[in-house]
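Enquirer: Now for the letters of each chain:
There are 2 protein chains.
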Amino acid sequence: MKSNFQEQENQLETSHNKTPLLLDQWKPCRGARAIIKEWLLKLRLCLGAVCGIEWYCYALLGILTAILSFLMDFSVNKLLGAHQWLYMKLEGNILLQFLCWTLYPACLCAFGSTFSNQMCPFSTGSGIPEVRTMLAGFELPHYLSLTNMFTKFLGLISTLAAGSTVFLGKVGPFVHLSTMVGAYLENLFTLIQGSKKERAATEMLVVAAAVGVASCFGAPISGVLFSVEVMCSHFAVRHYCPCFFSAACGALTFHLFTLWSGDGETVQALFKTNFPTALPFYPLEILLFALLGLLCGALSCCYLFCHRWILHVTKTNRVFIKMLTEEKGLYSALVVFFLASLTFPYSAGQYMASKYTTKQLLSSLLDSRQWSSQVYNATVQLEPLEWNSSGTSVFLSLAFFLFMKMWMLVLACTLPVPAGYFMPVFVYGAAIGRLLGEGVAYVFSTGVIFGPQWASFNPGGYALAGAAAYSGAVTHTLSPVLLAVELTGQFSHAVPILLCALVANAIARSGNRPSFYDALSISKRLPHLPSLAKASSQLPSTPLGQVLGVNSVWLQKAAGPKEVKHAISTCTEEQIPVVDTNESQILLGFVLRSELLMFLRHCLNQSLEEHLDEVCCIHPSKVLLSPQNTVEEAHSMLSLAGGQTLFVADKGRLVGHITWPKLKLIIEGLAKEI
Amino acid sequence: MKSNFQEQENQLETSHNKTPLLLDQWKPCRGARAIIKEWLLKLRLCLGAVCGIEWYCYALLGILTAILSFLMDFSVNKLLGAHQWLYMKLEGNILLQFLCWTLYPACLCAFGSTFSNQMCPFSTGSGIPEVRTMLAGFELPHYLSLTNMFTKFLGLISTLAAGSTVFLGKVGPFVHLSTMVGAYLENLFTLIQGSKKERAATEMLVVAAAVGVASCFGAPISGVLFSVEVMCSHFAVRHYCPCFFSAACGALTFHLFTLWSGDGETVQALFKTNFPTALPFYPLEILLFALLGLLCGALSCCYLFCHRWILHVTKTNRVFIKMLTEEKGLYSALVVFFLASLTFPYSAGQYMASKYTTKQLLSSLLDSRQWSSQVYNATVQLEPLEWNSSGTSVFLSLAFFLFMKMWMLVLACTLPVPAGYFMPVFVYGAAIGRLLGEGVAYVFSTGVIFGPQWASFNPGGYALAGAAAYSGAVTHTLSPVLLAVELTGQFSHAVPILLCALVANAIARSGNRPSFYDALSISKRLPHLPSLAKASSQLPSTPLGQVLGVNSVWLQKAAGPKEVKHAISTCTEEQIPVVDTNESQILLGFVLRSELLMFLRHCLNQSLEEHLDEVCCIHPSKVLLSPQNTVEEAHSMLSLAGGQTLFVADKGRLVGHITWPKLKLIIEGLAKEI
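Note that the protein sequences, when read in sequence, are chains A and B. The first sequence begins at 59 in the numbering used here and counts up by one. The second sequence begins at 59 in the numbering used here and counts up by one.
I should point out that these hints are in silico values taken from the structure, not numbers from a laboratory. Treat the hints with care, since some could be wrong.
The calculated lysine-lysine pairs, modelled on DSS-like cross-linking and capped at a C-alpha distance of 30 Å, are [to be verified]:
| # | chain 1 | residue 1 | chain 2 | residue 2 |
| --- | --- | --- | --- | --- |
| 1 | B | K623 | A | K709 |
| 2 | B | K722 | A | K680 |
| 3 | A | K623 | A | K722 |
| 4 | B | K722 | B | K582 |
| 5 | A | K709 | B | K620 |
| 6 | B | K592 | A | K680 |
| 7 | B | K373 | B | K722 |
| 8 | A | K623 | A | K592 |
| 9 | B | K722 | A | K709 |
| 10 | A | K582 | A | K615 |
| 11 | A | K615 | B | K615 |
| 12 | B | K680 | A | K615 |
| 13 | B | K373 | B | K623 |
| 14 | A | K722 | B | K730 |
| 15 | B | K722 | A | K330 |
| 16 | B | K136 | B | K373 |
| 17 | B | K592 | B | K720 |
| 18 | B | K615 | A | K709 |
| 19 | B | K620 | B | K680 |
| 20 | A | K680 | A | K720 |
| 21 | A | K380 | A | K136 |
| 22 | B | K730 | A | K680 |
| 23 | A | K730 | A | K582 |
| 24 | B | K680 | A | K592 |
| 25 | B | K147 | B | K136 |
| 26 | A | K136 | A | K147 |
| 27 | A | K330 | A | K417 |
| 28 | B | K592 | A | K720 |
| 29 | B | K730 | B | K720 |
| 30 | B | K680 | A | K680 |
| 31 | A | K720 | A | K623 |
| 32 | A | K582 | A | K720 |
| 33 | A | K722 | A | K373 |
| 34 | A | K730 | B | K680 |
| 35 | A | K680 | B | K623 |
| 36 | B | K720 | B | K373 |
| 37 | B | K136 | B | K417 |
| 38 | A | K709 | B | K147 |
| 39 | A | K680 | B | K615 |
| 40 | B | K680 | A | K709 |
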């Protein structure tokens, strides 16, 4: 019994010690270990002299994520190139071309789906709902494992390599990948520094969210804004500089790798545009941008409704349930085959520019030249435009693209593969903007309204604004505005884009409807309070007293060894509350588990019947909650207290306690009520 | 006695009522009032049907501030034009020119100083330290009055009209002006909506901080980033959309007014540059940008040291104290006369481009053409460059400018006038960057290093990066990066500017030195915790028990009318704590003052000796603090609780309570210890 206590104490000491690198000397290869450890310590001292070790972690996080991002882009480009090469080689034989066009992405997605579900089922989907939940303070350990990272990375490559047929993106999973790299570096940091875990862990997650976006596109500032938006209720200002630092490292590394790989002469935007700078837009066009915002907002509501509907169907329809639980690979293959046969360039695909990859789609939509006038005036056309390759008008092509991609994207969202849902929405918004822009350009080019001086009208600006507004409305965020600016390096349109995105957001948020990620959180029953509030605004205001349950373990201050032993054996908490007497239950504070173990050893040694308060120090509990506090308030207080146990007392009497795991259970319980 | 109670109760009811517009019917002109009120109510219903009334307030805040900003720019331009016209007319007579050059700004500053100190002494200085304190939750009512707004507006016009001689800016006071407009709209909103005040007031302040920057330069995104940075510890995500909305309204209004006044054809950046877009910079230049960051960081430390020194001198030197308390107008006139005689174009001014206004200075520094090569090649020079007008090399001019403006700016900071300190620092940083850029361009133009292919080297990019990095380092912020981008509409340099600013910030923040605003806060003894932490890192961790004082008023639950009467007469708090018995002091909760008044009336009516708990409802106190909590923790909890009274209890016993006014006293007490 005694040795057992000693062992437990040793473990406690080890975990609390400040320099774990120098301890645990009972392992093999002592000599080599000691030398390595000494070198590591020296390195730590050297590095620490310049700035805190955590800053090296932030830099490393940015650099590693950017390298992952570059590697992914590189592999995806090779795989897409292979597909295009094969398709071109089969020119002349439509059947073979059809098989090549459909089976290549179907096989890739079937592989991605099967592989990721076999290796780690948590790797499918976007990952942003889970990241938001983790940022709110809850631990979801499965989502941060190295296996998950590996699986998600490979799975995402196969999804992206399926190309614009599947039409899925990279951002969401990349934010998730970045948090996994962050969690790994965080463990490394804890090992080197021996600091307390809770506080730094959240910090690393917040930084990783910013880095994810930043290294995905080389866009540091929108990364930081995304990190602010994705937070549950408050953004700590102390995370601001680390976010910027890490995001800048990530963006710089990403740009430099792109540079070294031979794309471009210098560090520049990913989708560099050539908008006219002298007169980017006429002042009256601001009204058109506001109109575009209205349009994007309305269409986003439609898309979100369809998405919620399909989420509901996949959970209630028997065929879907059976396919999505047992035959994920087959389901993916079938859905992608269906989508690909629609986008086949000799079928409906010819009317929706399906030969373009997602990147080419976006580049073509952001072109500053007017398509309609090019076609009508038959002037110099530098490269053939895919949008009117079949001879149909660009207006019909764009409208058909919008109609088809709406439901195709909703269907693609059900695929059980690692995939992002932001980029497709961004491109879709660009198409909405382009359609409006081309329409206005056509009306102006006839000279009926305003006369011929509006000749330098730029439909590309509308595409950019539409992309930011539609993606912002779908996700209920504003950072896409800055992302649009950073992706194109085009600042001249910043104010109208912001206006357009604000209008679209206002419409999408009206009526307290859930955003895209909220819908996923609700569907997955994640313990994320703001999402729950969207589903039922009453739930987060539930009083704590209703859901807390009874507190089973406490000690009175005059407790003897018997009571202490019983308390230790019945509960696993680190802090055990101490009350005045068992009758009055007035909360005095708490004792640490380790101190109780010491108390028991002391009693055994002395063979005395001593009272708890004579030996142990009773720590005062810093913040007390009452049963009238809402679950939301309890969550805020717990966030602020940084992982301590908070005790709940009613008029001085102990009622219960709140920790992160307990709060997670409570909120998961609430989520089941929806 | 009884009527007195009733009156107090009536007041309480009025102040707590939800629709104050329909009440207070004992005032004159009842008929007209009733009609107007009815119309207002109808308007409120109409407006409220589209979106919440607060959104109209945000829009109005942006629009009003932007109009103020436009009016100020307009008046300042006229006044500056008048000065230049007069100076040109006196061409040929150096003495008269000297008098015109020196007396005009001296008189303006003397007027501004006397006027603002007579009307409202709180209107001098930047205002940002006070805004930061108010954002931290403390009320500084003098700083938000309408008189202050009027005084600050006029005073700032006279300071800015003194031109580049005084070399002071507009941003800081504009953020302050914006908060005053916000506070006024907030009162209006409270009147219309009848909502609770505390929560919305902070919201309006946060939004106003963003709007201040946004409408000063038409830069919405950096406004929001500034608002995030300026917060004490946490930025509430629910303020994010209002900030963006209001900032966008402000920026758009500012741009449209500028447009209508005839400057420019469309909405575009204030200092539009024409950097080459094809190859904005060579990848290797990133190292040079990092070097520039180092340089800016080091110089900012030097500047901040000088600033702290002069703050110390003005508080200890007898002459300064006497001048700054009794003869503010004279002091301003003398200092400005001295500065102006130095910048007189026939004295030292000719070596530091003193004929330029602040705006022209910045525009000239951001020019993308190489000055040195222009001079040496004697190619087409479109407009005469002021920097080498006297025949000296631009390097000497820039170096002389940097040397002189450093101490001149430090001296100008002591002027008791409403003035911003951001813009001069921004321009100063641009000069640092330009000097480095020109130097590198000169070295490259000789072709010794790297050869002639670096001919398209752009020193303007260095000026931009230097401006962002130096101003960021001085204020310990990163939003200047985005401000630099938004001011110039130049996104191609975003990544190197960010890198440069991060390096400069890292150097400026090392060693826990206070920023420019921190130094002002400490000097003014404002209750701003993060600033205090810079002065003495121990202070914010002082345990609450040490500084709380004794709690004088409480009621036991069995208290009779006599005790209640005594409690009401001795304290002014709204919530009075109730304990179990006077001996045990176990805190049960609190009663509201209004309920105690009702209890007394009840006792008087019934002529009974009843106990408190038989009549009044004892509200549970939601969150309890302990005396071991630090002052910083108490501040966080109070921010989260949103203006409630927080009780402090030790092992269930009442120790004291914390409210915002009390915390303000405590922190001001701590500030005196420095």
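Enquirer: Taking only the CA atoms, is the gap from A:K722 to A:K373 under or equal to 30 Å?
Expert: OK: A:K722 and A:K373 at ~23 Å, within 30 Å.
Enquirer: Are B:K373 and B:K722 close enough, with their CA atoms no more than 30 Å apart?
Expert: The given pair, whose Cα atoms are some 23 Å apart, holds under the 30 Å limit.
Enquirer: Would the pair A:K623 and A:K592 pass a check requiring their Cα atoms to be no farther apart than 30 Å?
Expert: violated, 46 Å
Enquirer: Verify the proposed pairing of B:K722 with A:K680, using a straight-line Cα cut of 30 Å.
Expert: Distance ~21 Å between B:K722 and A:K680 Cα, so the pair holds.
Enquirer: Do the alpha carbons of A:K615 and B:K615 lie within 30 Å of each other, as the hint requires?
Expert: Answer holds: A:K615 to B:K615 is near 26 Å, not above 30 Å.
Enquirer: Taking only the CA atoms, is the gap from A:K680 to B:K615 under or equal to 30 Å?
Expert: holds, 25 Å
Enquirer: Does B:K373 lie within 30 Å of B:K136 when you go C-alpha to C-alpha?
Expert: violated, 37 Å
Enquirer: Hint check: B:K147 vs B:K136, CA-CA at most 30 Å. Holds or violated?
Expert: Roughly 16 Å separates the two Cα atoms, so the pair holds.
Enquirer: Quickly compare the C-alpha distance for A:K709 and B:K620 to 30 Å and report which way the hint goes.
Expert: holds, 24 Å
Enquirer: Against the 30 Å threshold, does the CA-CA distance of B:K680 and A:K592 hold or violate the hint?
Expert: holds, 25 Å
Enquirer: Mind checking the alpha carbons of A:K680 and A:K720 for me, to see if they're no more than 30 Å apart?
Expert: Measuring from Cα to Cα gives roughly 19 Å; hence the hint holds.
Enquirer: Keeping to a limit of 30 Å between CA atoms, is the pair of B:K373 and B:K623 held or broken?
Expert: Given that 30 Å is the threshold and the Cα spacing comes to 47 Å, the pair is violated.
Checked against the numbered hints given earlier, this structure breaks hints 8, 10, 13, 14, 15, 16, 21, 28, 35, 38; the rest are met.
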